[in-house]
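Residue numbers (the numbering used here): 1 to 416.
Certain hints may be false.
Stated by the list, open to error - Capping the alpha-carbon separation at 30 Å, the derived lysine-lysine pairs in DSBU-like fashion look like this:
| id | residue 1 | residue 2 |
| --- | --- | --- |
| 1 | K368 | K207 |
| 2 | K170 | K190 |
| 3 | K81 | K207 |
| 4 | K73 | K159 |
| 5 | K336 | K397 |
| 6 | K159 | K200 |
| 7 | K387 | K321 |
| 8 | K321 | K337 |
| 9 | K387 | K283 |
| 10 | K142 | K77 |
| 11 | K403 | K336 |
Read the hints as simulated data drawn from the structure, not as lab findings.
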Amino acid sequence: MEESVFQNYLKSDTLFKKNRDILRPSYIPENLPHRDYQIDQLASILATALRGDRPSNVLVFGKTGTGKTAVVKFLGKEIKKSSDEMGTIDYIYLNCEVVDTQYGVLANIGNRFISDWEEQIPFTGWPTEKVYNMLKEKMDSKMRVAVIILDEIDKLVYKSGDDVLYHLSKINDDLTQAKVSIIGISNELKFTEFLDPRIKSRLGEEKMVFPPYNAEQLRDILMQRAELAFREGVVEPSVISLCAALAAQEHGDARRALELLRVAGELAERNHEDKVTETYVYKAKNKIELDCVAEVIRTLPTQSKLLLFGMILNEEGGREKLNTGDVFSTYKELCKKTGVSVLTQRRITDLISELDMLGIIHARVISKGRYGRTREITLSVPIMEAKKVLEEDDIIKELYGQKIKIQATLDYMPRT
DNA sequence: TGTCCACTGGAAGGGAGGGCTT
DNA sequence: AAGCCCTCCCTTCCAGTGGACA
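Whenever a hint applies, use it, and build me the whole structure from the sequences.
Here you go:
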């Protein structure tokens with residue numbers, strides 16, 4: 001009997017139950033283990049809204065994967081259920097990493113109050129003041145309590161200052177009918193330092209901190225999800241414990257733990273295993289780390305790719321510690337060879353900082369006394385992997401087979 | 001002790017590219 | 001079409017600096 005090429009893959013799909021999204025971070029389960037206290041606390045604040053009053057503004061702090069977003073979204077669902085008969089509560093969720101400008105935030109919120117058949121606020125074009133007025137007007141057209149959630153609020157402040165928060169936090173003074181309360185979610189405790197003191201106090205009427213999960217708590221979370229996502233007997237308890245332990249080492253990140261388990265499952269499935277074993281957890285750990293780096297590099301703008309490529313060539317050429325001057329001159333060389341326009345050194349220092357923040361390189365400022373002050377730069381990703389990804393870029397591809405002066409004394413020919 | 005290197009990183013602003021209004 | 005607005009990417013200009021060396 002002829003077998004289709006997919007046959008193997010189709011029949012091997014036996015590890016997961018039908019819905020593997022259960023292991024993805026976007027999935028909000030029916031109950032959230034070990035977050036009862038936080039749920040109660042936030043619920044008691046938000047309950048005010050059900051009575052038609054304005055709940056206090058809240059700032060929620062906690063590292064990634066501690067359940068902040070999950071709890072807030074979970075309560076959003078609950079509050080909608082309870083308020084359906086009245087229909088007076090708007091629960092608006094906004095991720096400030098995606099929408100990170102003052103205009104963007106105002107326009108986004110505004111559009112939630114504008115029905116589909118009406119004209120929306122365009123994503124650019126209007127004066128900000130006009131967007132703000134529109135938002136106010138639409139919001140105020142009806143008695144309602146609006147709860148606005150600004151996830152990753154620190155990104156917003158970092159990128160575009162605190163003007164938006166100033167506007168939003170004093171919007172209640174301008175509204176006659178509607179009431180607004182803001183829930184800010186942040187990874188960083190200290191982001192409030194950058195805020196104007198008035199905004200800081202208005203925004204932080206209530207504060208909550210989500211502690212990291214410990215290994216035991218992570219295990220409970222994983223158990224709960226694994227039961228839903230995997231077929232019976234596919235995942236050993238020891239595998240769950242391992243995922244929990246690994247994630248606990250990384251500041252108790254539940255997202256990471258779930259990802260480990262999911263990827264381990266997927267890898268095992270691909271190899272036609274009938275069980276997920278600990279080996280696959282370690283494999284998953286590796287894969288996740290590499291995929292993450294690869295994705296970051298892949299989406300870099302061309303200029304940064306050239307810059308990074310230059311650093312790699314230098315390191316291959318035997319230099320481990322680079323400084324800004326070296327990197328800049330190699331970069332200029334690469335630009336010349338590829339016909340890409342050369343950016344100024346000032347701009348390049350910014351790009352270097354960016355690469356540093358992304359964790360691709362490590363750059364720190366040092367002083368070499370008589371010989372000036374500069375950054376000392378080392379790569380912090382495996383060279384082979386990074387090169388493989390960079391080679392996907394057509395512009396980088398051109399460089400292979402060419403002689404490149406990476407330092408005053410050294411010619412170098414990139415090799416695959 | 002002062003000098004002076006090779007930068008760092010802030011400030012200001014240009015201009016392209018998105019869009020709106022009149 | 002002209003005249004706005006907002007954001008992003010970039011340039012120009014420049015004061016500031018840690019510490020090896022004379």
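Checklist entry - Tell me, which hint numbers fail for this structure? => result 1
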